[in-house]
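Engineer: Assemble the complex: chain S is given as a structure, and chain V must be docked to it using the hints.
In order, the protein sequences belong to chains S and V. Here my numbering is used: the first residue of the first sequence is 1, the next is one more, and so on. Here my numbering is used: the first residue of the second sequence is 1, the next is one more, and so on.
In case anyone wonders, no lab produced these hints; they're calculated from the structure. Please read all numbers here as calculations on a predicted model, not as lab measurements. Mixed in with the good hints there might be a few duds.
[Stated by the list, open to error] The following residues of chain V were derived to be distant from chain S, with all beta-carbon distances above 12 Å:
| hint | residue |
| --- | --- |
| 1 | 64 |
| 2 | 69 |
| 3 | 193 |
| 4 | 200 |
[Stated by the list, open to error] Label pairs and their in silico Cβ distance ranges:
| hint | chain 1 | residue 1 | chain 2 | residue 2 | range |
| --- | --- | --- | --- | --- | --- |
| 5 | V | 121 | S | 259 | 36 to 46 Å |
| 6 | V | 52 | S | 67 | 37 to 47 Å |
| 7 | S | 39 | V | 121 | 31 to 41 Å |
| 8 | V | 204 | S | 60 | 56 to 66 Å |
Beta carbons are placed, not taken as given, at the ideal position from N, Cα and C, and that holds for glycine.
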Amino acid sequence: MSAHRRQPIGMLLSAPYAVFIAAVFAYPLGLAVWISFHKYIFTAPGVDVPRPFVGIDNYTTVLSDPAVRRSFLNILVFLVINVPLTVGLALLLATALNAAVPFRTFFRVSFYVPYVTASVAVVGVWLFLFSSDGLVNQVLGSAAPNPSWLINEHWAMPSIAIYVTWKQLGFFILLYLAALQNVPKELYESAAVDGATKWRSFRSVTVPGVRPATTLVTLLAIITGANLFTEPYLLTNGGGPSGKSASPVLLMYQRGIEQGHPDTAAAIGVLLVIGVLIIAGGQRLLERRQA
Amino acid sequence: MTSTLPVGVSTDDRAGGGTRKRRPWGRIVGLSLGAIAFLFPFYYMIVGSLQQRSDTSLGGAFPKPGNVSLNNYHEINAAINLGRSLLNSAIFTAGVLVGTLVFGVLAGYALARLRYRGRGTLFAAMLLLQVIPFQLLVIPLYVQIVRSYGLADSYLGMILPFAINSVAVFVFRQFFLQLPDELFEAARIDGASELRVLRSIALPLVRPALLTATLLTFIGPWNEFLWPFLVTKQAGKQPLAVALANYISTVAAAATNPYGAILAGACVLAGPAVLLFLAFQRYFVSSDLGSGVKG
Chain S
1 MSAHRRQPIG MLLSAPYAVF IAAVFAYPLG LAVWISFHKY IFTAPGVDVP RPFVGIDNYT
61 TVLSDPAVRR SFLNILVFLV INVPLTVGLA LLLATALNAA VPFRTFFRVS FYVPYVTASV
121 AVVGVWLFLF SSDGLVNQVL GSAAPNPSWL INEHWAMPSI AIYVTWKQLG FFILLYLAAL
181 QNVPKELYES AAVDGATKWR SFRSVTVPGV RPATTLVTLL AIITGANLFT EPYLLTNGGG
241 PSGKSASPVL LMYQRGIEQG HPDTAAAIGV LLVIGVLIIA GGQRLLERRQ A
Chain V
1 MTSTLPVGVS TDDRAGGGTR KRRPWGRIVG LSLGAIAFLF PFYYMIVGSL QQRSDTSLGG
61 AFPKPGNVSL NNYHEINAAI NLGRSLLNSA IFTAGVLVGT LVFGVLAGYA LARLRYRGRG
121 TLFAAMLLLQ VIPFQLLVIP LYVQIVRSYG LADSYLGMIL PFAINSVAVF VFRQFFLQLP
181 DELFEAARID GASELRVLRS IALPLVRPAL LTATLLTFIG PWNEFLWPFL VTKQAGKQPL
241 AVALANYIST VAAAATNPYG AILAGACVLA GPAVLLFLAF QRYFVSSDLG SGVKG
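Only chain S is shown next, with the shape it has when bound in the complex:
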């Protein structure tokens, strides 16, 4: 085969996708940054208004807004609960599934069902389950929190974090199942020969064996958390009680589109991405040190 023959038709075939990426990701990304440094208001199509450069004004507005600061803190609470729970449960269930167990397909399918279902639909049943006189509180009796979960300022954000863990877990189990196929069986066998317990071989063979997948799962869980919108909007009725479960994206929607300040909303978005990059970078650093 002529190794260096070029096939320019490839450019033609991938042109629609390249244009799509440029128009729907690259350009808006640049526009978001641009808007965040300018005074920007919505106008009707074709209307030209001055949009002066305002430096970091939008950022100072956003950072001095207690509601926005609170929303970033809320996301940290979310991540602290959601990420370890996701990594731990997904790896445990994937390991349990990665063996000859009866009804394997049934288990696998049941774990994926929440992931393929619309959050709007599942939120409906969670509202029902966790309402003040809902089934969960009926089971708990006097141990139920008062006010109930979703309207309790201490429990609202943890409830959302647990909901999202439950909803997304299937996808992460899927990623871990793929990674587990790459852990050499011989390692388990030699661990067994050395008399390692099941827990011990999980700790010293499985966990290090799937480390690249853990990095990916952590990163994706962080990005999912940063994107949080539907759940605080519907589950806790717009980030309530008193903003204790508001997310940055919910604030972006309220400030940008409801109140018509796309410039400050864009600044929230840019800060959010910087935050994700910092957390993701810090997590990688931590993992390198452990490895």
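Structural biologist: This is chain V only, laid out in the frame that chain S set:
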């Protein structure tokens, strides 16, 4: 799935771990608890949608003959016109599927099998955009699509940001990469054009990839809430996820059995995605999607 496609073989069905003779009871108990936690809310969703009067007691988890009716479905249908919203969801989803299956396949094929200027850049961009939170782009996309192009309350405005699913492009690329070179050489020596090679040789061999990508792409727009919520203000254009969310946040309180009506709407919204997934679940396996994690 054919054995010529290592990546298409469901590694999920291969047992790993120990080879002990006795039944792994610990695993079975753990997996069963998991299955109950994952499935019970769906069971409860159906039971609740059929309750004439909302019953949150423990006994309410089992349907009672005297309390079963389809009233909730009538109530939600009167409030949000299920047929119309389902049609809107279907059009939105179909648009994204067509875009992905046409342009995504072309891009996946080019990225896997052709050498040309810009291929590396495109592949890098594809991987990079996986880590950009989509919601960051919501404000500029809203400015562009709704304000500049005036595409509010239009299917095109809904579809555009999702038109080609990048994960599907990645899946296509992985599958095309697995095909043997000789196949393509032979066809090209016979003088077949690239498009013909793709259509008559490559595509039939990656049918599992098409099904995996279809399933994966379907759940995106069908379940999406934020973007269509921003684009559609007219009830007649809202997909079911948006219409139901509006019902939950504003209208439900006025209904006689608000939870019942919400759960009936939830069943209608969840139904198509869950049934499609159950029918094609064997294509939704780790080896197809997780190929990026391996190595």
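Engineer: None of the hints should be skipped; say for each whether it holds.
Structural biologist: Hints and how they fare:
The beta carbon of residue 64 (chain V) sits about 15 Å from the closest Cβ of chain S, which is more than 12 Å, so the claim that it is off the interface holds. With a minimum CB-CB distance of about 17 Å to chain S, residue 69 (chain V) clears the 12 Å threshold, and the non-interface call stands. Here residue 193 (chain V) does not stay apart from chain S, with its beta-carbon only about 8 Å from theirs, under the 12 Å limit. Remark: the non-interface label on residue 200 (chain V) is consistent with the geometry, its nearest Cβ contact in chain S lying 16 Å away (cut-off 12 Å).
Distance hint check: the CB atoms of residue 121 (chain V) and residue 259 (chain S) are about 39 Å apart, consistent with the given range 36 to 46 Å. A hinted range of 37 to 47 Å holds for the C-beta pair residue 52 (chain V) and residue 67 (chain S), which are about 42 Å apart. The given range of 31 to 41 Å is respected by residue 39 (chain S) and residue 121 (chain V), whose C-beta atoms sit roughly 34 Å from each other. A beta carbon spacing of about 59 Å between residue 204 (chain V) and residue 60 (chain S) agrees with the range 56 to 66 Å that was offered as a hint.
Taken one by one, the earlier hints fail for this structure only at number 3.
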